[in-house]
Amino acid sequence: MAAGAISVPLEVYRFDPAHDPAPRYDRYTVELEPHVPVLSALLKVRAEIDPTLTLRYSCRSAICGSCALQINSKSRLACETPVGPEIERHGRIVVEPMRNQPVLRDLVVDQGPFWHQYDRIDPHLRPDPAHPMPVDAPTSMSPEQVERFKETPRCIACAACFSACPAVEADPTFPGPMALAKLYRFVVDPRDGTTQDRLVRIQTEGLWLCLRCHLCTEACPKDVRPSERIRDLKEMAIAVQGATERGSRHAVGFKENIRVAGTLNETRLVRQTDGVVGMVGQLGQGLRIWRKKPELLHRPKPIQGQAEVDQIYEALDDAKGGP
Amino acid sequence: MLRHEVVVVGAGLAGQRAALAAIEAGRDVALLTKLHPLRSHSGAAQGGINAAVGAEDSVDTHIFDTVKGSDYLGDQDAIEFFCREAGPTVVEMEHFGTIFSRGPDGSLARRPFGGAHFPRTIYAADRTGLALLQALWERLGGEHLTLYEEWDLLRLIVRDGRVQGVVAFDRRRGTFEEIAAKAVVLATGPAGRIYARTTNAHSCTGDGIALAYEAGAALKDMEFVQFHPTALLESGILITEGARGEGGLLKNASGDRFMATYAPHVLELASRDVVSRAIVTEIGAGRGFSGPYGGYVHLELMHLGREKIESRLQEICDFARHFAGIDPVTQPIPVYPAQHYMMGGIGTDAKGATNVRGLYAAGEAACVSIHGANRLGGNSLLETLVFGKQAGLAAAAYADTAAAPEMHASDLDDATGPLRAWSAKPDGEDPSALRAEMQATMEQYVGIYRDEAGLLEGIRRIRALRARFGNVRVVDRSQVYNLNLTDALETGHMLELAEAIVVGAYARTESRGAHARTDFPKRDDAQWMRHTLASRGPEGPVLSYAPVGYTRWDPTERVY
Amino acid sequence: MLTLANLRMNDPGVRAKVDGALKPLGIEYRGTVRVKHLLRVLVEDIGIPALRAKVRRPLGGLKIGAFYGCHLLRPSDEMGWESGEEPHAFEDLLDALGAEPVAYRGRVMCCGFPIQFVKPETASRIAGRQIADAQDHGAHAMATPCPLCHISLDAYQNEASRAVGRPLAMPVFHLPQVVGLALGASPEELGLARHLVPTEPALARISAPART
Ligand SMILES: Cc1cc2nc3c(=O)[nH]c(=O)nc-3n(C[C@H](O)[C@H](O)[C@H](O)COP(=O)(O)OP(=O)(O)OC[C@H]3O[C@@H](n4cnc5c(N)ncnc54)[C@H](O)[C@@H]3O)c2cc1C
Ligand code: FES
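Sequence order for the protein chains is Y, B and W. This note's numbering numbers the first residue of the first sequence as 1 and each following residue consecutively. This note's numbering numbers the first residue of the second sequence as 324 and each following residue consecutively. This note's numbering numbers the first residue of the third sequence as 884 and each following residue consecutively.
Rather than coming from a laboratory, the hints here were simulated on the basis of the structure. In this text, all values refer to a predicted model and were calculated from it rather than measured experimentally. Incorrect hints may have been included.
What the hints assert, rightly or not - Below, computed lysine-lysine pairings styled on DSBU-like, alpha-carbon distance capped at 35 angstroms:
| id | chain 1 | residue 1 | chain 2 | residue 2 |
| --- | --- | --- | --- | --- |
| 1 | W | 919 | W | 937 |
| 2 | W | 937 | Y | 293 |
| 3 | Y | 150 | Y | 255 |
| 4 | W | 900 | B | 631 |
With the sequences and hints as input, model every part of the structure.
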């Protein structure tokens, strides 16, 4: 045992669908220094206690994206998560496979759903035939243009974000954080000639299903910040196409609402998002709420100083060069 | 049975580039890989890729630096071709979408690297390998390609002197599969896990090299193994030269800057092999630190100050904090030299062809040889792309005219019989224990310094381990993702290669590049300016020698 | 949200734009506003011990699933407060009020509200998952500091129940309501009758005697 080692109790999800009727949790205890990553703990179990424990790993340096799993319910890279703080906080380490991808065995999941979403966003550079790349020379790109990619080139496709995302969990049509961050990478690439098409297409293919919960940004080991890039995509989509979808109409309607009254008018917002026909669908709900909270559905009086609010909007519109 | 014209094994940069070339040549191509392509070890390369594109630089200087770096064991004709292809290759990767770092004028940014006259290493922040791998996969993924993902190559089927196909293992379903192929390209990457201390990923087990060897291909220059002086203690994770470039100091246990003894002028900035040897000498003389992970020295950055460390050495900082629990702002980083790169590999010509018809190889698994006795940083990423493409083209051309392959009914059973026997045993050797013993043996006897007595002991021990491997046992009975089985497979492969390395090292009675014999400290051009070729015989490797390709650079002493 | 807006105001470009728009009105943003959520004020400025001392009607016997809401926590590096995935302030507070906090994964998840107007079925499924999770871990009620989470979890609980295909009957309190209850305010004062999911079953669980 190395100096300063602590005792690390592990509870590891075990399941071989071909042999086991149900998943179980196996307990192991290993002695390790606190800075040692969970991956080393699992490999120690494999080498010294149970060689049948199954997981994906390769680089052990947070670059190959193989070893994402759940550590005490958080989606993390096993090779980059030290045991010490987990033990301090939870007294043990529960290790489970990632979510939102079916388990093949133990900690290994079938990444099919993840790669399917990645393929859906057309992850290929599509240069504009009208503007061919220079012959025998690299494209010129300023450091500022490189900056626009933000941290998206750091993505290692580990799927930790995909595992952490509640929208992915609830809706198979949502591309998920990684695919959308990858889309962003193509949209801001000056070499890509299909930026507009990409933005128009994603408006109807799941962009607006992002919940802005930022769980992806918490989980991402590379600080790609997918939720923030999705926000950028939304802004860019509205800029190229206008508010054509329920999601974008809601966003724009929200803004217009404030302009008109200085406060939210829920009924009006629903009408702007869903149109009058769509609104009928919300009627039953509206009635139930109205019985308990009548003030919600009243048209709120414009606030004092509404005129000033309008003035601010005007100034901002002018700054942008027109409404 | 599955059938393809060309099967490329390995989906790192070399394999992907080969597949793309073969597809563009009109062939039906399958890509077979034990890791998802984006998880290949190429993604771990940080520093950059060489191309003499700067105004002050020239292709000739790149050629000269590479020839000299190789300690005159590189083939000069191949090196000339290689360096001429560098510019077009990097431009092509840029057009494929690689997000390179840029200079203020919009050009590709370049950084200086060891052994190069000019800053010629083009980079993408501290993740050049990842940037290239992403761009190439984004390009290749748009082509018509069959991907066998998480499949392990088990055997090459060679009959009548030519390749007929492969047998593989589908990790996820646990099934054995045959693929008939006219041509096979091996691009299975490094073999660093033969050593206990390595900067390489766990998956770098030299499978393709060993299977080519088994199938009759000759291995070239296996004794040349590059060690990187500064790897993190325990994990072996690479701390790049940048740390010393920015002013990092190496100190022994008495707090002395020991490089003053070994390279009084350049100190810490001496070349990789010099620094690695210095560290080993210090530790061997009892002047290093020692702990549960063996001897080590300190890499000190503290004097540079928090701001410089955190801005200029961001990735090193993260690595030290995440993987060693060390804060380089306030603490020295414990480092030791670790295996980093295999100059040797499957012997090929500059078209990627091996001595087996229909079998091609590229990337770190292959040996052309452009690195000779010592690789220069930034040349191996370039090698994967330049020679990956060549191998893909050559395989496609061969497959275009080759007769249909012939697989026999017995091929599958022959290849998988031994594996099934491993699982049927009531008891036997644990593959990970054998692996650990092999790693320790190679570390101790075939490491940075070598001598006759140690190499003989190494041969004896590796042979004993090979004998024990005959009784290896797999305890995991599951079909799905059986790592115990792949552990055993990989261990078997590495033992084959370990033997080729140690036997080659024993025979080469000189010191050249990364091969340092304390009993033969001088380079001996008269006798040894030639490549080692190892073929697999019943009693172990059979060595022969081949001349070095020579064009215009006469050997001189390699001093920097 | 306001915390993030405040952070963005540190960007000189954004600041110039906003000040440009405010100028005609004779207003300027000086960046002196500190944004702090009620929950944070309760645990940091008032403090757990002080709150504990003020409790009149301890919520003993009541198991509550704290439901944080996303924007209070994340992105945690910008919010600069609790862990974005493993916070404990709300549980600490509930404990001080005498209630029994329930540990469940859904407590830090999204309530689904942001896409209520985009795809109600999905929004409801998300809300349903979190409510069901709390229920499965024994919660008698949930409590949230976010008014939008409250709409999603309470007003839309019917839809949520349908979306996850199981009955849900989970009273959901606003943060000030649980504090108010423990400090002795009456259910009427707290407007508990105006919830869509009746709160009485939860109130009936409170077993500790009121302190005077
Ligand atoms: C830490 C580190 C940093 C480096 N930095 C640099 C640098 O800055 N510049 C530079 O030029 N070089 C660098 N190198 C070296 C360089 O990265 C490698 O030499 C190069 O990437 C190897 O590429 P490859 O395509 O040959 O192999 P890899 O990228 O390793 O790919 C091997 C492929 O083979 C597959 N495979 C292996 N075995 C099997 C099997 N049995 N069956 C099926 N598939 C199999 C794997 O799945 C993988 O897809 C670095 C190396 C390391 C370790
Ligand atoms: S093992 Fe590669 S990312 Fe963890």
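Structure-based check of each hint:
1. 919/W to 937/W: holds, 22 angstroms
2. 937/W to 293/Y: holds, 31 angstroms
3. 150/Y to 255/Y: holds, 27 angstroms
4. 900/W to 631/B: holds, 33 angstroms
Of the numbered hints stated above, none is contradicted by the structure.
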